[in-house]
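K.L.:
Sequence:
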Amino acid sequence: MSADPVVGIGWDVLKSYVVVPIERGFGYVISSKRFADRLRGEVQNLENENQRVKVLVEEARRNVRKFLDVFTTWEANADKALEEAQELLDDEKATKTCCYGTLPDPKSRYQFSRKAEGKIEVIKQLTQKCSTFNGLNDISFIDPAFTYSASTSIKLGDDGVFESRALMIRNIMGALAGNSNSVVGVYGMGGIGKSTLLVDVERKISEEKSFHWVAKADVSENPDIKTIQGEIADALGLTEIKNKETISGRAKLLHGRLKDEEREKKKVLIILDNLWEGLDLNKVGIPCGHDNKVIGCKLLLTSRDRNVLRSEMGCDKDFPLGGLEKEEARSLFERLVGDKVHDGEFKPLADEALDKCAGVPFLIVAMAKRFKYADLSEWKDTLKKIEKSKDKKINDLINRMLQWNYDKLEEEVKSLLRLCVVYGISKPSLENLVRYSIGLGLLQEVSSMEEARNRLISHIHALQASSFLLDSEDVDGFKIHDLVHEFVVSVASRDHPLLVLKDKDESIPESSKDKLNSYRAVCFPIVDMEELPQELDCPELQIFLFFTNNKSLKVPNSLFHSMRKLMVLNLTGIRLTCSPSSPFQFLENLHTLCLDSCSLDNVAILGELKGLQILSFVNSNYRLPKEIGQLVELRLLDLNHCPQLEIIELGVLQSLIKLEELYMNVSFNQWNTVDQTPPINASLIELNHMKNLCTLHVYIPNLRMLPEDLNVGKLTKYEIRIGNVCYWWSECEGSRTLELKLDPLGNVLRKGCIQSILGKIDNLFLEGLDRNEQSVCALSQKGFPELKHLQVKDNSSIHCILQLPSDAHFTML
-2 MSADPVVGIG
8 WDVLKSYVVV
18 PIERGFGYVI
28 SSKRFADRLR
38 GEVQNLENEN
48 QRVKVLVEEA
58 RRNVRKFLDV
68 FTTWEANADK
78 ALEEAQELLD
88 DEKATKTCCY
98 GTLPDPKSRY
108 QFSRKAEGKI
118 EVIKQLTQKC
128 STFNGLNDIS
138 FIDPAFTYSA
148 STSIKLGDDG
158 VFESRALMIR
168 NIMGALAGNS
178 NSVVGVYGMG
188 GIGKSTLLVD
198 VERKISEEKS
208 FHWVAKADVS
218 ENPDIKTIQG
228 EIADALGLTE
238 IKNKETISGR
248 AKLLHGRLKD
258 EEREKKKVLI
268 ILDNLWEGLD
278 LNKVGIPCGH
288 DNKVIGCKLL
298 LTSRDRNVLR
308 SEMGCDKDFP
318 LGGLEKEEAR
328 SLFERLVGDK
338 VHDGEFKPLA
348 DEALDKCAGV
358 PFLIVAMAKR
368 FKYADLSEWK
378 DTLKKIEKSK
388 DKKINDLINR
398 MLQWNYDKLE
408 EEVKSLLRLC
418 VVYGISKPSL
428 ENLVRYSIGL
438 GLLQEVSSME
448 EARNRLISHI
458 HALQASSFLL
468 DSEDVDGFKI
478 HDLVHEFVVS
488 VASRDHPLLV
498 LKDKDESIPE
508 SSKDKLNSYR
518 AVCFPIVDME
528 ELPQELDCPE
538 LQIFLFFTNN
548 KSLKVPNSLF
558 HSMRKLMVLN
568 LTGIRLTCSP
578 SSPFQFLENL
588 HTLCLDSCSL
598 DNVAILGELK
608 GLQILSFVNS
618 NYRLPKEIGQ
628 LVELRLLDLN
638 HCPQLEIIEL
648 GVLQSLIKLE
658 ELYMNVSFNQ
668 WNTVDQTPPI
678 NASLIELNHM
688 KNLCTLHVYI
698 PNLRMLPEDL
708 NVGKLTKYEI
718 RIGNVCYWWS
728 ECEGSRTLEL
738 KLDPLGNVLR
748 KGCIQSILGK
758 IDNLFLEGLD
768 RNEQSVCALS
778 QKGFPELKHL
788 QVKDNSSIHC
798 ILQLPSDAHF
808 TML
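The opening residue of the sequence shown carries number -2 in this note's numbering; numbering runs sequentially from there.
Simulated from the structure, these hints should not be mistaken for lab results.
Be aware that a few hints might be false.
Below, in silico cross-link-like pairs of lysine to any residue (SDA-like), each with a Cα-Cα straight-line distance of 20 Å or less [to be verified]:
| hint | residue 1 | residue 2 |
| --- | --- | --- |
| 1 | Lys344 | Lys377 |
| 2 | Lys77 | Gly132 |
| 3 | Lys77 | Leu133 |
Just the calculated beta-carbon pair ranges, DEER-fashion [said to hold, decoys possible]:
| hint | residue 1 | residue 2 | range |
| --- | --- | --- | --- |
| 4 | Arg572 | Gly648 | 25 to 35 Å |
| 5 | Lys290 | Asn42 | 45 to 55 Å |
| 6 | Asn721 | Asn618 | 15 to 25 Å |
The C-beta atom is built at its ideal place from N, Cα and C for all residues, glycine as well.
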């Protein structure tokens, strides 16, 4: 008995130091395949995480951020671990054997398994660490050298580069660093500073040594291929090109040199400044494909026209270069003019001068040179001349900047640009531009409102590409530059005279009154007139836009008597009377009429305007008499925000057989019920007579007003609200909205007209579902493949959105 404890202790020691190690070693030998599989799995996990983080790395580099030490250490360790793991797996594949190759080598298997086990643990830890890198701030930080403090200086550091330009340089550098970008471009109007920006980019590249070779050539309006080849060759030290006389011989030599650099994995950047049209890279000697896409090196391009960069040069990433920020422009002006701009009398004049320069460096420098040695009276005289477009030197500079871009525009696009200027405000409404364009007949070969809208959007993109319209964050996404506005007014006045009053003007300037009979367009934007003239003698006028907040302002009946060519008329916020005669009686060519926020004592007179295609009564309180049904050419009727509209006479809507778009948000809701006898108001079934109707915004408060066979399936855009709804989706994207609030709601969802659109809607709001309904997806026979937004409210019976996880009803939600 006394020997048992000793034996037990001896066995424990033997087990710990002999048996267990032998078992583990034997396990290493027989389980090498399992260790290999586990290692491959962990390698794959780490590689997946590494790919995810590379997206953050690329973004950090584009924004010239510095990487945190903890991340760079992890990155180095991860790369090393993956490399070692792959080598280990490669060795394992080359199976080592013994006994003349007849048996596996247990020693090799043992060594592999032990190393694999250790590597598995290392890679697991690296993968876990990688999972903490979820944002830019987890891996990087903003380089203090690039920070900007408005309280200290407008410039970035001491290099004289303004912050807005410094940001652009960082973006360009980031784009050039990306593997997916071989062609990077910058576009903007003439004089905006593209060439100057390239100088700063080139300096930055030289400092960072991000390319082995940087070559730069000025292309210009009439490119000289030999000169371009020579400038590139000089930068590359290719002196032999001087011995080649022909363009093709020089191109072959340059092509060979660039291919050599590619083979040696040397990074080459070629900067081509001032492209006016596409440049044949093959002809120059820059390696490229059949599509003129560069191969083996990178290009940095500038042009006034974005389409040149994208369509003709295959640009992968482009940046719009706008004007200087307000404080940057002031800093540049002060630096050139001197301290006098701070003097009390000069300061307001300096502000006025800078406003006219609109942030364009070329103009700021020109203006500063004019004012540097001028006295106060000269400043005032020069600014007055510029205001009246009589300062030839400044106007020539503006024309030189913009004329080439303007001349390249198609005639239809020029017409749209002129229309934007006629509008008289910096942010024209896309929808109003569509309506005015239709009225003026500006768009050729379009057969529907939707085609017209698409054409207009395409033209707007062309104007943005040419820097005539700027990007904007508002709903329409564009605005017009003040500088462009003045230029277009000047150019348009040559062939298409127009008059655009300034905000708060109280009367037509005396200088313009003598030209009234030649004007084709007149716009009064938010004017403060107390009264209008009895008649405007404008026999050539085609578009007249008048906006005011003066509700008491009356329009004389004789105001439009001479405007027999008028095609577009917008009167906003005024009173119209029809006594003793109609103010519209001579407007036989009128196609677009907008009477928004107006009062008109007899709407029936509009029935005389037989050629009317667009009619808008937004925010007005009219009734629609039977005479409106005579407007058989009408394509768009806008009754939005007319909550007091209670009468649309029976048969009016069904007479509008060419109507394509009908807008009635927050408007008429007194529809006849289906079984109402005799009918006293408009019925929804009348909409079935509108064979071209494709856009409908309507409110139906009572289910009894909704016909079973209402043909809404043909609609491409709609906002249909049934029941006491609250316009939930006003801010949501999408053009097809359905809101339903009824109790019980089940019956309306079973109607064929509603089922015909459920599978197409973008936005769906449901309140008051039938208690038998338990799943949203079951409501539509076709599912909801287009649905992007869904709101279900006060429906206690709904238990789920999908009945099965595999259901593919909500692919866009």
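K.L.:
Kindly confirm whether 25 to 35 Å is satisfied by the beta carbon distance between Arg572 and Gly648.
P.N.:
At roughly 29 Å between Cβ atoms, Gly648 and Arg572 fall inside 25 to 35 Å, so the hint holds.
K.L.:
Does the Cβ distance between Asn721 and Asn618 fall inside 15 to 25 Å?
P.N.:
For Asn618 against Asn721, whose Cβ atoms are near 22 Å apart, the range 15 to 25 Å holds.
K.L.:
Need the status of pair Lys77, Gly132: alpha-carbon distance at most 20 Å?
P.N.:
It is violated: about 23 Å lies between the C-alpha atoms, which goes past 20 Å.
K.L.:
With a cut-off of 20 Å on the C-alpha distance, tell me whether Lys77 and Leu133 pass.
P.N.:
Since the Cα atoms of Lys77 and Leu133 sit roughly 23 Å apart, the hinted pair is violated (cutoff 20 Å).
K.L.:
Between the beta carbons of Lys290 and Asn42, is the distance compatible with 45 to 55 Å?
P.N.:
With Cβ atoms ~37 Å apart, the hint is violated.
K.L.:
Mind checking the alpha carbons of Lys344 and Lys377 for me, to see if they're no more than 20 Å apart?
P.N.:
holds, 12 Å
The structure fails hints 2, 3 and 5 (numbered hints given earlier, in ascending order).
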